[in-house]
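Asker: Starting from the given sequences, assemble the full structure and let the hints guide the process.
Protein chains: 2
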Amino acid sequence: MLGTASQAPTRYRNHNGYLLRWDGEGLLFDPGEGTQRQLTLAGIAVSAITRICVTHLHGDHCLGLPGVLQRLSLDGVQHPVTVHYPASGQVYVDRLRRASIYDERADVRLEPMEGDDTVTVNDSLTLSTRTLDHRVDAVGYRLVERDGRRLLPDRLEAAGLSGPEVGRVQREGSVEVGGRRVGLHEVSEHRRGQRFAFVMDTRWCDAALELAAGVDLLVCESTFLEAERELADAYGHLTAAQAASLALEAGVRRLVLAHFSQRHPDEREYLAEARQIFPDVVAARELDRIALPLRRR
Amino acid sequence: MLGTASQAPTRYRNHNGYLLRWDGEGLLFDPGEGTQRQLTLAGIAVSAITRICVTHLHGDHCLGLPGVLQRLSLDGVQHPVTVHYPASGQVYVDRLRRASIYDERADVRLEPMEGDDTVTVNDSLTLSTRTLDHRVDAVGYRLVERDGRRLLPDRLEAAGLSGPEVGRVQREGSVEVGGRRVGLHEVSEHRRGQRFAFVMDTRWCDAALELAAGVDLLVCESTFLEAERELADAYGHLTAAQAASLALEAGVRRLVLAHFSQRHPDEREYLAEARQIFPDVVAARELDRIALPLRRR
Numbered sequence: 005m006l007g008t009a010s011q012a013p014t015r016y017r018n019h020n021g022y023l024l025r026w027d028g029e030g031l032l033f034d035p036g037e038g039t040q041r042q043l044t045l046a047g048i049a050v051s052a053i054t055r056i057c058v059t060h061l062h063g064d065h066c067l068g069l070p071g072v073l074q075r076l077s078l079d080g081v082q083h084p085v086t087v088h089y090p091a092s093g094q095v096y097v098d099r100l101r102r103a104s105i106y107d108e109r110a111d112v113r114l115e116p117m118e119g120d121d122t123v124t125v126n127d128s129l130t131l132s133t134r135t136l137d138h139r140v141d142a143v144g145y146r147l148v149e150r151d152g153r154r155l156l157p158d159r160l161e162a163a164g165l166s167g168p169e170v171g172r173v174q175r176e177g178s179v180e181v182g183g184r185r186v187g188l189h190e191v192s193e194h195r196r197g198q199r200f201a202f203v204m205d206t207r208w209c210d211a212a213l214e215l216a217a218g219v220d221l222l223v224c225e226s227t228f229l230e231a232e233r234e235l236a237d238a239y240g241h242l243t244a245a246q247a248a249s250l251a252l253e254a255g256v257r258r259l260v261l262a263h264f265s266q267r268h269p270d271e272r273e274y275l276a277e278a279r280q281i282f283p284d285v286v287a288a289r290e291l292d293r294i295a296l297p298l299r300r301r
Numbered sequence: 005m006l007g008t009a010s011q012a013p014t015r016y017r018n019h020n021g022y023l024l025r026w027d028g029e030g031l032l033f034d035p036g037e038g039t040q041r042q043l044t045l046a047g048i049a050v051s052a053i054t055r056i057c058v059t060h061l062h063g064d065h066c067l068g069l070p071g072v073l074q075r076l077s078l079d080g081v082q083h084p085v086t087v088h089y090p091a092s093g094q095v096y097v098d099r100l101r102r103a104s105i106y107d108e109r110a111d112v113r114l115e116p117m118e119g120d121d122t123v124t125v126n127d128s129l130t131l132s133t134r135t136l137d138h139r140v141d142a143v144g145y146r147l148v149e150r151d152g153r154r155l156l157p158d159r160l161e162a163a164g165l166s167g168p169e170v171g172r173v174q175r176e177g178s179v180e181v182g183g184r185r186v187g188l189h190e191v192s193e194h195r196r197g198q199r200f201a202f203v204m205d206t207r208w209c210d211a212a213l214e215l216a217a218g219v220d221l222l223v224c225e226s227t228f229l230e231a232e233r234e235l236a237d238a239y240g241h242l243t244a245a246q247a248a249s250l251a252l253e254a255g256v257r258r259l260v261l262a263h264f265s266q267r268h269p270d271e272r273e274y275l276a277e278a279r280q281i282f283p284d285v286v287a288a289r290e291l292d293r294i295a296l297p298l299r300r301r
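Chains as they are written, first to last, in the working numbering: chain A, 5 to 301; chain B, 5 to 301.
Some clues are possibly wrong.
To be clear about the criterion: a stretch of chain B counts as covered by chain A if any three or more of its residues have a C-beta under 8 Å from a C-beta of chain A, and this derived list gives those stretches [what the hints assert, rightly or not]:
id, segment
1, 8–21
2, 36–49
3, 53–63
4, 102–113
5, 194–203
Everything labelled a hint here was simulated from the structure, so no lab data went into it. In this text, a Cβ means the ideal position worked out from N, Cα and C, and glycines have one as well.
Answerer: Rendered as structure tokens:
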């Protein structure tokens with residue numbers, strides 16, 4: 005949680021910025037102004053970033069992009085970094101990418117998302133967008149890990165598999181042991197892929213529910229409290245209660261609230277409201293590290 | 005001192021940002037990324053800003069411009085804010101000004117500076133630039149207050165001036181008292197205007213000396229120490245010793261060192277080096293408030 009403020013930063017909250025570490029991937033969502041320094045405060049090098057996902061082109065969600073991109077070059081990061089954003093924001097992304105003079109050496113790849121879109125991150129992850137309901141074009145992101153197999157030690161033992169054969173049955177799907185072919189399905193069970201969703205600036209909408217459906221972790225905007233529901237509707241935002249209802253209705257496992265209005269310096273106000281509706285909820289604080297729930301068994 | 009880092013921010017130093025308050029004016033120099041939040045941390049509203057002076061278009065000196073400009077609109081600032089920068093940087097300033105989607109309502113006026121240029125700030129202040137010697141087009145700034153008159157209480161009394169007549173003699177240059185016309189020069193003495201200079205990224209050059217000549221306060225880059233003199237030359241920067249020599253040679257009254265390399269987390273290293281050459285020197289720390297020396301008598 006690199007920053008949790010909405011429109012205006014405060015003494016205690018930087019503008020947005022959320023880094024999701026997932027095996028070898030580092031997905032940076034909505035780098036607001038100051039994200040470069042927040043990474044330093046969190047003890048994370050920009051080389052941890054493999055992908056940047058921008059929900060929309062309001063400043064609090066993207067003005068940190070120039071600093072992060074320039075820092076990739078300055079630090080000599082070698083791997084490619086892909087940047088996603090709503091396709092209609094191209095003109096802003098072009099300006100942000102060349103906002104000041106620098107020696108661009110990093111391998112930055114722009115991949116605009118066309119509303120409801122899906123891209124492959126790697127062998128096991130796909131990233132999808134849905135168009136949300138905000139004052140400007142905005143998308144949310146959903147990351148889905150491919151389902152896999154979980155090896156079962158008792159079955160491995162019963163089948164007589166050990167040592168390098170365990171790796172082979174995983175890679176090749178079956179392995180010959182003592183004259184018999186053992187299939188992966190015999191020594192393993194189904195393992196559901198983990199799922200993550202990132203829902204920023206939006207009113208309540210079906211697209212938000214689709215993004216959040218059954219995810220293990222949902223990071224959701226929670227700009228206002230229910231008492232400010234009219235403001236939330238007018239400016240295209242959610243209340244803490246709405247975020248909690250979204251999590252409940254979508255069958256989310258853990259909810260993280262963020263993107264707080266400066267009206268409420270104490271994030272526990274949001275927590276208290278959401279908790280009445282949805283139990284496993286965290287109101288993010290600056291530089292918090294929040295884990296995905298452990299895989300379901 | 006809103007930020008004192010050079011290329012990369014650190015845990016303890018934000019990117020550049022320097023606000024000079026001068027009567028009703030607020031001159032913001034080199035807003036690096038995060039300046040908007042640093043203002044909040046310093047307890048200063050963006051409405052305090054009347055003019056923004058950018059020395060050059062490297063990111064650490066200008067990536068905070070979008071946030072500051074957008075905040076002027078968000079906060080409904082009514083007075084005009086003029087932005088100065090080297091004219092060759094126009095394309096970057098245009099991108100920074102419209103880097104993301106917002107409702108531009110503030111009265112922002114762009115006034116590019118053509119190398120050696122001078123503009124009028126108000127009745128008593130002029131702002132000048134000189135071209136420095138950096139890796140890209142860069143200027144330094146010099147602010148000069150018009151010389152004036154300091155009223156002398158004993159002379160006022162001797163001439164029989166009191167109450168509203170004191171204001172009139174200042175405004176009108178003379179006033180009639182008991183049948184006699186008293187001129188301002190009779191009841192006052194010459195008052196030298198205060199002077200300020202801002203010298204950022206540059207190698208040692210005559211232009212830096214011209215900017216700093218006889219100023220009361222010089223804010224000067226001090227990226228490296230003398231032991232790194234080759235680096236300083238190669239990258240177009242000054243060492244603490246060079247900044248001190250500049251202040252000495254230019255007849256500066258007080259020197260403030262800033263724009264420190266991340267190599268040296270402790271600013272006292274710079275201070276120790278500079279102090280051997282120039283006595284009235286401060287190595288800036290984040291959010292320090294440093295006063296111009298009192299007017300000379």
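Asker: Are there at least three residues in the segment 102–113 of chain B whose beta carbon sits under 8 Å from a beta carbon of chain A?
Answerer: holds (count 5)
Asker: Can you confirm whether chain A covers the segment 8–21 of chain B, using C-beta to C-beta distances below 8 Å and requiring at least three such residues?
Answerer: holds (count 7)
Asker: Can you confirm whether chain A covers the segment 194–203 of chain B, using C-beta to C-beta distances below 8 Å and requiring at least three such residues?
Answerer: violated (count 0)
Asker: Residue count check for the segment 36–49 of chain B against chain A: does it reach three with CB-CB under 8 Å?
Answerer: holds (count 6)
Asker: Please count how many residues of the segment 53–63 of chain B have a CB within 8 Å of a CB from chain A and say whether that reaches 3.
Answerer: Our answer is that it holds, as 4 residues pass the Cβ test (under 8 Å) against chain A, meeting three.
Checked against the numbered hints above, the structure violates only hint 5.
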